[in-house]
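Trainee: Take a look at the letters that make up each chain.
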Amino acid sequence: MKKNKLFLVFAAMIVMAMIFSACGSDADTVAAEPADGSTTEEVSNEPVNIKFTLWGSDAHIALLTEISEAYRETHPNVTFEFVGIPVTDYVSKLAVQLAGNDQPDMGWMLESPALGWEDAGALVDLAPYLADDADFNLTDFSESSLSLWTQGDALYGIPFSTSPMFIAYNADLFEAAGLDTPSESFAKGEWTWEKFAEDAKAITDLGDGSIGYVHIDEISTNPWRLLVPVMEAYGGGSWNADGSTCLMNTDESVEAATLIHDMLYIDNSIVKPNEKVDFTSGTVGMTMRQLSWLSSLADVTFNWDFAPLPSGPDGTKPIVGQAAVVVFNASPNQAAAIDFLKFLLNEENSAKLSQFFPQARASVLDAGSIEATNPTLNPESIQTAIIDQIKNGTVLPSHVEYSKIDLAVRAELDKLWTSGADIAAIMNSACDAMAPYLNQ
Amino acid sequence: MKRKSLPQAKLDNLAGHLFIAPQFIGFIFFVAVPILAVIIFSFQDRNLLTGTWEWIGFDNYSFMFTKDPYFYKVVRNSLFFSFGLIIMNVSLALFLALILFQNRKGMVFFRTLFFSPVVTSTVAWVLVWSFMLQSDQGTINQFLKLIGIQGPSWLGSTGWAMFSVIFIRVIKNVGLNMIILIAALKDVPHDLVEAARVDGANTLQCIRKIIIPMIAPTILLVIIITLIGSMNVFDHIMLLTAGGPSNSTLVLAYYVYYQAFLTNEIGYASALAVVLFLVVLGLTFLQWNMRKKWVYYEQ
Chain R
1 MKKNKLFLVF
11 AAMIVMAMIF
21 SACGSDADTV
31 AAEPADGSTT
41 EEVSNEPVNI
51 KFTLWGSDAH
61 IALLTEISEA
71 YRETHPNVTF
81 EFVGIPVTDY
91 VSKLAVQLAG
101 NDQPDMGWML
111 ESPALGWEDA
121 GALVDLAPYL
131 ADDADFNLTD
141 FSESSLSLWT
151 QGDALYGIPF
161 STSPMFIAYN
171 ADLFEAAGLD
181 TPSESFAKGE
191 WTWEKFAEDA
201 KAITDLGDGS
211 IGYVHIDEIS
221 TNPWRLLVPV
231 MEAYGGGSWN
241 ADGSTCLMNT
251 DESVEAATLI
261 HDMLYIDNSI
271 VKPNEKVDFT
281 SGTVGMTMRQ
291 LSWLSSLADV
301 TFNWDFAPLP
311 SGPDGTKPIV
321 GQAAVVVFNA
331 SPNQAAAIDF
341 LKFLLNEENS
351 AKLSQFFPQA
361 RASVLDAGSI
371 EATNPTLNPE
381 SIQTAIIDQI
391 KNGTVLPSHV
401 EYSKIDLAVR
411 AELDKLWTSG
421 ADIAAIMNSA
431 CDAMAPYLNQ
Chain S
1 MKRKSLPQAK
11 LDNLAGHLFI
21 APQFIGFIFF
31 VAVPILAVII
41 FSFQDRNLLT
51 GTWEWIGFDN
61 YSFMFTKDPY
71 FYKVVRNSLF
81 FSFGLIIMNV
91 SLALFLALIL
101 FQNRKGMVFF
111 RTLFFSPVVT
121 STVAWVLVWS
131 FMLQSDQGTI
141 NQFLKLIGIQ
151 GPSWLGSTGW
161 AMFSVIFIRV
171 IKNVGLNMII
181 LIAALKDVPH
191 DLVEAARVDG
201 ANTLQCIRKI
211 IIPMIAPTIL
221 LVIIITLIGS
231 MNVFDHIMLL
241 TAGGPSNSTL
251 VLAYYVYYQA
261 FLTNEIGYAS
271 ALAVVLFLVV
281 LGLTFLQWNM
291 RKKWVYYEQ
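Going line by line, the protein sequences match chains R and S.
The opening position of the first sequence corresponds to residue 1 in the working numbering, with each subsequent residue numbered one higher.
The opening position of the second sequence corresponds to residue 1 in the working numbering, with each subsequent residue numbered one higher.
Looking at chain R on its own, in the form it has when it is part of the complex (with noise of 0.2 Å):
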């Protein structure tokens, strides 16, 4: 009788259990429509609660909720959530809430992980919704700027961000160690990778704690973003532009991390790897950003100022960063998420939302609407590091594979973080990492 009971048991966990694992759909049945089946002429009236996720600071999700209001005034039925979300985690967490039923109804995307999101039909497809929205004007986004959102005709995401990286820096410390700043070395032409290498190292020489230049992320966890602006300033980067080919192992590639190691272990110039140092400090001489990062400068008590990213021996390169609205297929109110997106995307709000992020939109985009909402911004910074940088800037690395790219790869960049390491090897050894994922 006793048996007959743990048997029982177990077989109503063992039941249990497969109704679990079945939760989702079998392979063959993803849903090309919106879960609730309406179209953007049916956005219902029913009450909705859009949950939106970002990684956005105070200041942000301050404006966000500002145009959410302007939005209810006409849509009194539609309440919203902002989750902010660290950028650290952001990808890990959004994955965890998908897979726990708790998903987002839209939200923030960063352009790493973008293309493999859209692989795995995660996103909607937003081209029917937007390509024939006269009020929308799809048009007034150029191809380039959509192109990392876009696979054949479908389009799932619409950037609002693409800001240029630049060289923010301290010009209390310039001025001290006796240097032109990286804007008056731009404006004569002479602001190239070598001359950034030899700013810093005068900065880190004044001998009072100040030190050349600290990376926007923990160097180990986030190399990308310290190697590719340089590598493909030198005529290198991380992959070739189909996603099939390592290109970290040429030999302007191993040059360009040759100067960043030097930086590293011989003029002690950059702060190294798990070293804690902040540029809001004041005694950190340049660092690399973008816009959205500017008003964490509103307290600080030094002179600072922005320039364009260093030219190479391949002229100038700019880098951009770039996040899209995107709305997630598991979103069971995908019609009202994406009249919002129209909403927060229009001519007004984008214009809005320039304060922080420059805008793709051509009509949004120029130096007085990113001016007007900055006033403390200086108005020729704005226009050379970051107007002048978006037409040709190049999106930072993103693959179908990036997480597996990454872990592959790191573990190969790790040993560039020390002093004497072969540089040559160990990009080569990166290649040699990246190679499986490549061909994909």
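I should point out that these hints are in silico values taken from the structure, not numbers from a laboratory.
Where a beta carbon is used, it is the ideal one built from N, C-alpha and C, also for glycine.
Take the hints with a grain of salt, since some may be wrong.
[Stated by the list, open to error] Below 27 Å or equal to it, Euclidean Cα-Cα: the simulated DSSO-like pairs (lysine-lysine) are:
| hint | chain 1 | residue 1 | chain 2 | residue 2 |
| --- | --- | --- | --- | --- |
| 1 | R | K352 | R | K201 |
| 2 | R | K195 | R | K391 |
| 3 | S | K172 | S | K186 |
| 4 | S | K293 | S | K186 |
| 5 | R | K352 | R | K415 |
| 6 | R | K415 | S | K186 |
| 7 | S | K73 | R | K342 |
| 8 | R | K415 | S | K293 |
| 9 | S | K172 | R | K276 |
| 10 | R | K276 | S | K145 |
| 11 | R | K201 | S | K67 |
[Said to hold, decoys possible] Estimated spans, in silico, between C-beta atoms of each pair:
| hint | chain 1 | residue 1 | chain 2 | residue 2 | range |
| --- | --- | --- | --- | --- | --- |
| 12 | S | T203 | R | D208 | 47 to 57 Å |
| 13 | S | L127 | R | V96 | 47 to 57 Å |
| 14 | S | A124 | R | N137 | 31 to 41 Å |
[To be verified] From the structure, some residues in chain R lie toward chain S, with a derived Cβ separation under 8 Å:
| hint | residue |
| --- | --- |
| 15 | R225 |
| 16 | P273 |
| 17 | T280 |
We have chain R already, so just place chain S on it with the hints.
Mentor: Frame of chain R; chain S shown alone:
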């Protein structure tokens, strides 16, 4: 008609079942069913982002043992971490317990001091240590510099990163094992130790021949708990090294997370989780069976 009442034994039985029902139901829904679901997921190619899946049989396991370039390194790292943690943690806990179990002035203060990291937030603990272990600005290397030693890159070099993570985790949790062992030491009959001393045994001999054998069951329990905790280490790895440098701290639990939520391979991650479960089960079973050889005294 008079209602028949249940016999008292059956009523007692029913009451017992009702008392454990909430715990049992919770165990079924939140432990047993998810474990079985993970086992089922491990035989699927499952897309985390869209929820679509298909049966692929043993393909995940086949990939793990024959094609995954990281699996064996991950297992080696996990075993190294576990054994390193157990040896350091248990020996330090025993050392502290032997000193602090006595009822002398100040002992309560020191027991509290060594136990306090246990109740500290792991995130705060790790954050502080990440500052202390910086290679240039960190407190540890600044102190070593004062005495003429060039400290290593504790978290940035493959040789030191694992040791650093083990050390940080040992200091965080040794207080718990210390308290468990102190409780066991207080149960050792004092007259046995006195008798040994009368026979001429010194302190070390008393510890080796009397005290440790008497608390051997508790030492076994501490080792098993520490082993299970060490094989599941995730938070320290995630916050300190993210598996680096060069995958030198990439352990099984973190690798499961990476595969599940960063590469979205939930089926493969489930297969890794099953292997982790079996490894922990196997090691626990091994230890439990070896107790007959080296646990001298069982109540």
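Trainee: Take the hints in turn and mark each one as holding or not.
Mentor: Against the structure, the hints come out as follows:
1. R:K352 to R:K201: 39 Å, violated
2. R:K195 to R:K391: 25 Å, holds
3. S:K172 to S:K186: 24 Å, holds
4. S:K293 to S:K186: 24 Å, holds
5. R:K352 to R:K415: 44 Å, violated
6. R:K415 to S:K186: 51 Å, violated
7. S:K73 to R:K342: Distance ~48 Å between K73 of chain S and K342 of chain R Cα, so the pair is violated.
8. R:K415 to S:K293: 45 Å, violated
9. S:K172 to R:K276: 22 Å, holds
10. R:K276 to S:K145: 19 Å, holds
11. R:K201 to S:K67: Judged against 27 Å, a Cα distance of about 46 Å means the pair is violated.
12. S:T203 to R:D208: 47 to 57 Å: At 55 Å between Cβs, range holds.
13. S:L127 to R:V96: 47 to 57 Å: 22 Å, violated
14. S:A124 to R:N137: 31 to 41 Å: Hint violated: Cβ distance 50 Å, outside 31 to 41 Å.
15. R225: At 15 Å from the nearest chain S Cβ, R225 of chain R fails the 8 Å test, so the hint is violated.
16. P273: At about 5 Å, which falls below the 8 Å cut-off, the nearest Cβ of chain S leaves the hint on P273 of chain R intact, so it holds.
17. T280: 16 Å, violated
Checked against the numbered hints listed earlier, the structure breaks hints 1, 5, 6, 7, 8, 11, 13, 14, 15 and 17; every other hint is satisfied.
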